[in-house]
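K.L.:
Can you make the complete structure from the sequences, with help from the hints?
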Amino acid sequence: MAQMDYIVNNLKNFSSSVEKYVHLMNIYQQNEKLFYYLIINKVELVMPIIYTPTIGQICQQFGSLFDNPHGLYVRYTDIGQIKSKLQQWPEKKIKAICLTDGERILGLGDLGANGLGICIGKMMLYTACAKISPHICLPLCIDIGTNNASLLKSEHYKGYKKKRLEGKRYLEFMDEFMEAATSLYGKDVIFHFEDFGNHNAFELLERYKNKYCSFNDDIQGTAAVTLAGLLVCSQIVDKRLFEQKFLFLGAGEAAIGIATLLVAAMKSDGISEKEALKCIWMFDSKGLIVTSRAPETLTANKQRFAKNFQAVDDFEEAVNLIKPDAIIGVAAIAGAFTQGVLEKMASNHKHPIIFALSNPTCKSECTAAQAYKTTKGKCLFASGSPFEPITIKKKVFKPSQCNNAYIFPSLVLGVMSAKVSIITDELFLCAAKLLSKQVTADEMKEGILFPPLSRMQEISMTTALSMIDYVIKNKLTTSVDANSRRDALVSAHLYNADYHCPTDNKLAEAF
Numbered sequence: 001m002a003q004m005d006y007i008v009n010n011l012k013n014f015s016s017s018v019e020k021y022v023h024l025m026n027i028y029q030q031n032e033k034l035f036y037y038l039i040i041n042k043v044e045l046v047m048p049i050i051y052t053p054t055i056g057q058i059c060q061q062f063g064s065l066f067d068n069p070h071g072l073y074v075r076y077t078d079i080g081q082i083k084s085k086l087q088q089w090p091e092k093k094i095k096a097i098c099l100t101d102g103e104r105i106l107g108l109g110d111l112g113a114n115g116l117g118i119c120i121g122k123m124m125l126y127t128a129c130a131k132i133s134p135h136i137c138l139p140l141c142i143d144i145g146t147n148n149a150s151l152l153k154s155e156h157y158k159g160y161k162k163k164r165l166e167g168k169r170y171l172e173f174m175d176e177f178m179e180a181a182t183s184l185y186g187k188d189v190i191f192h193f194e195d196f197g198n199h200n201a202f203e204l205l206e207r208y209k210n211k212y213c214s215f216n217d218d219i220q221g222t223a224a225v226t227l228a229g230l231l232v233c234s235q236i237v238d239k240r241l242f243e244q245k246f247l248f249l250g251a252g253e254a255a256i257g258i259a260t261l262l263v264a265a266m267k268s269d270g271i272s273e274k275e276a277l278k279c280i281w282m283f284d285s286k287g288l289i290v291t292s293r294a295p296e297t298l299t300a301n302k303q304r305f306a307k308n309f310q311a312v313d314d315f316e317e318a319v320n321l322i323k324p325d326a327i328i329g330v331a332a333i334a335g336a337f338t339q340g341v342l343e344k345m346a347s348n349h350k351h352p353i354i355f356a357l358s359n360p361t362c363k364s365e366c367t368a369a370q371a372y373k374t375t376k377g378k379c380l381f382a383s384g385s386p387f388e389p390i391t392i393k394k395k396v397f398k399p400s401q402c403n404n405a406y407i408f409p410s411l412v413l414g415v416m417s418a419k420v421s422i423i424t425d426e427l428f429l430c431a432a433k434l435l436s437k438q439v440t441a442d443e444m445k446e447g448i449l450f451p452p453l454s455r456m457q458e459i460s461m462t463t464a465l466s467m468i469d470y471v472i473k474n475k476l477t478t479s480v481d482a483n484s485r486r487d488a489l490v491s492a493h494l495y496n497a498d499y500h501c502p503t504d505n506k507l508a509e510a511f
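So in UniProt numbering, spot 353 of the sequence shown is number 353, and the numbers just go up one at a time.
No wet-lab data here; the hints were simulated from the structure. Among these hints, one or two may not hold up.
Computed cross-link-like contacts, EDC-like style, restricted to lysine to aspartate or glutamate with a CA-CA straight-line distance of at most 16 Å [said to hold, decoys possible]: (1) Lys344 to Asp314; (2) Lys394 to Glu458; (3) Lys323 to Glu243; (4) Lys286 to Asp313; (5) Lys302 to Glu203; (6) Lys163 to Asp110; (7) Lys286 to Glu243; (8) Lys209 to Glu343; (9) Lys92 to Asp188; (10) Lys187 to Asp175; (11) Lys373 to Glu388; (12) Lys398 to Glu443; (13) Lys323 to Glu343; (14) Lys83 to Glu176; (15) Lys274 to Glu243; (16) Lys161 to Glu203; (17) Lys245 to Glu203; (18) Lys350 to Asp238; (19) Lys93 to Asp188; (20) Lys286 to Asp314; (21) Lys473 to Glu446; (22) Lys378 to Glu446; (23) Lys85 to Glu179; (24) Lys211 to Glu176; (25) Lys350 to Glu446; (26) Lys209 to Asp175; (27) Lys473 to Glu443; (28) Lys378 to Asp238; (29) Lys161 to Asp238; (30) Lys267 to Asp425; (31) Lys307 to Glu275; (32) Lys419 to Asp188; (33) Lys398 to Glu458; (34) Lys395 to Glu446; (35) Lys398 to Asp442; (36) Lys83 to Asp5; (37) Lys83 to Glu179; (38) Lys211 to Asp425.
P.N.:
Printed below as a string of structure tokens:
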């Protein structure tokens with residue numbers, strides 16, 4: 001299609017990814033249909049522009065870049081009238097809301113109202129990856145202040161310029177929001193929580209998961225996509241999950257979420273929770289999580305994974321003592337997987353598993369080049385943000401990206417289509433197993449842990465349809481049954497991406 005090709009070629013004229021993002025948003029403003037046609041048909045090209053790693057830079061500059069941000073702010077000043085605020089959004093048949101309070105944006109910390117950019121990007125991926133109609137999606141920022149001093153002083157910051165709302169008042173505000181949204185959009189509207197601070201993320205997940213159709217992508221989505229990658233690794237190294245040891249660098253939302261789903265996966269293989277927990281080790285800012293640590297340094301989530309083991313405050317020494325099959329970085333500490341760590345992993349295992357999952361790229365625990373070169377190409381590597389292929393002795397290694405976009409669009413499409421009212425933990429285990437089966441034997445021989453992004457829509461559709469079967473079989477929905485046509489259930493929520501190009505001689509005028 002000539003007009004799309006023109007845009008693709010035009011992107012090459014921009015020197016920075018931020019400029020490319022702004023250009024794409026200008027196209028979105030001028031011609032929404034063309035924009036979605038582009039991101040659906042060129043998902044591999046545009047994903048790094050509209051989401052990680054570029055989106056981190058966009059959020060840092062959000063207030064100065066955009067006057068019309070394509071999302072909704074619900075502010076502390078709206079308390080008592082949140083329903084009226086939601087009614088201002090032009091689309092009325094909302095089926096999914098992606099929301100953040102901006103407290104922990106990627107590995108960049110508290111960006112307050114600028115975090116709306118994350119939700120906009122996520123919901124664009126709903127359409128790019130699973131063809132979900134953007135008109136039933138609402139990107140939203142809960143703007144209840146920020147503790148970022150530089151933002152509070154910035155003339156470009158458009159958010160609520162007060163310190164963050166906390167404690168009881170914060171929960172009351174969130175309760176009003178959840179009630180208002182379900183009263184407007186129905187009890188099966190999906191709440192996709194994104195980049196909340198650790199404490200609030202876990203508290204809100206527990207508070208709402210059995211009352212609303214909700215999930216936390218940083219805890220549950222990251223867990224599912226990481227588990228899928230580890231299941232593929234298990235096939236390559238020919239070991240069951242419970243025959244391996246996993247050492248996490250970091251013990252926040254992502255680490256606890258991944259570890260919890262790992263335990264569930266091992267239990268589904270027939271071992272006890274006690275035996276499964278023995279396989280998982282965690283290392284946080286105070287060192288290895290062991291039972292002898294001061295109680296005030298261990299949250300309830302961390303206590304579950306504490307080991308009766310000596311105290312260790314050096315990560316490389318922990319790797320040396322534990323000899324993990326896999327190290328999983330989720331601490332947003334750039335360079336934490338040092339040469340010494342990588343060398344020890346390579347000396348202990350034929351195919352060491354190295355997952356450097358922190359986003360954006362500047363926070364990655366190591367680069368793909370460092371991992372492959374230090375391990376002499378032996379490692380099974382995945383990262384949170386994309387890296388370019390690496391050539392070692394004429395062999396090309398293609399780094400895998402452990403991207404939540406493999407999970408949340410298909411999960412949402414499946415849940416939405418099957419009219420599931422509660423998103424249970426078992427749905428994430430199901431999604432992880434389904435994704436792991438999408439990697440071919442030939443790809444595994446090349447050390448590729450996730451299918452190519454070019455197959456994203458096929459993967460999302462296959463996963464969504466299989467999830468509908470799963471929820472019907474396991475009686476997780478009462479709204480559809482085995483006689484329902486799955487394709488009809490899904491197609492009701494899809495975007496019509498058909499686009500008819502204006503005549504070629506008008507291209508230059510338009511763009």
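K.L.:
Quickly compare the C-alpha distance for Lys473 and Glu446 to 16 Å and report which way the hint goes.
P.N.:
36 Å, violated
K.L.:
Are Lys378 and Asp238 close enough, with their CA atoms no more than 16 Å apart?
P.N.:
15 Å, holds
K.L.:
Between the alpha carbons of Lys163 and Asp110, is the straight-line distance 16 Å or under?
P.N.:
The given pair, whose Cα atoms are some 11 Å apart, holds under the 16 Å limit.
K.L.:
Please work out if Lys398 and Asp442 have their alpha carbons no farther apart than 16 Å.
P.N.:
13 Å, holds
K.L.:
If you draw a straight line from the CA of Lys286 to the CA of Asp314, is it 16 Å or shorter?
P.N.:
9 Å, holds
K.L.:
Keeping to a limit of 16 Å between CA atoms, is the pair of Lys161 and Asp238 held or broken?
P.N.:
54 Å, violated
K.L.:
Is the hinted pair Lys209 and Asp175 satisfied, with a Cα-Cα distance of at most 16 Å?
P.N.:
Holds - the C-alpha atoms of Asp175 and Lys209 are around 13 Å apart, at most 16 Å.
K.L.:
Take the C-alpha atoms of Lys286 and Glu243, compute the straight-line distance between them, and say whether it is at most 16 Å.
P.N.:
28 Å, violated
K.L.:
Given the hint that Lys373 pairs with Glu388, does the C-alpha gap stay at or below 16 Å?
P.N.:
14 Å, holds
K.L.:
Check whether the Cα positions of Lys187 and Asp175 lie no farther apart than 16 Å.
P.N.:
The given pair, whose Cα atoms are some 14 Å apart, holds under the 16 Å limit.
K.L.:
Taking only the CA atoms, is the gap from Lys398 to Glu443 under or equal to 16 Å?
P.N.:
Satisfied, since the Cα-Cα distance of roughly 10 Å is no more than 16 Å.
K.L.:
Is the hinted pair Lys323 and Glu243 satisfied, with a Cα-Cα distance of at most 16 Å?
P.N.:
Holds, at about 13 Å.
In summary, the numbered hints that this structure violates are 2, 7, 8, 16, 17, 21, 27, 29, 33, 36.
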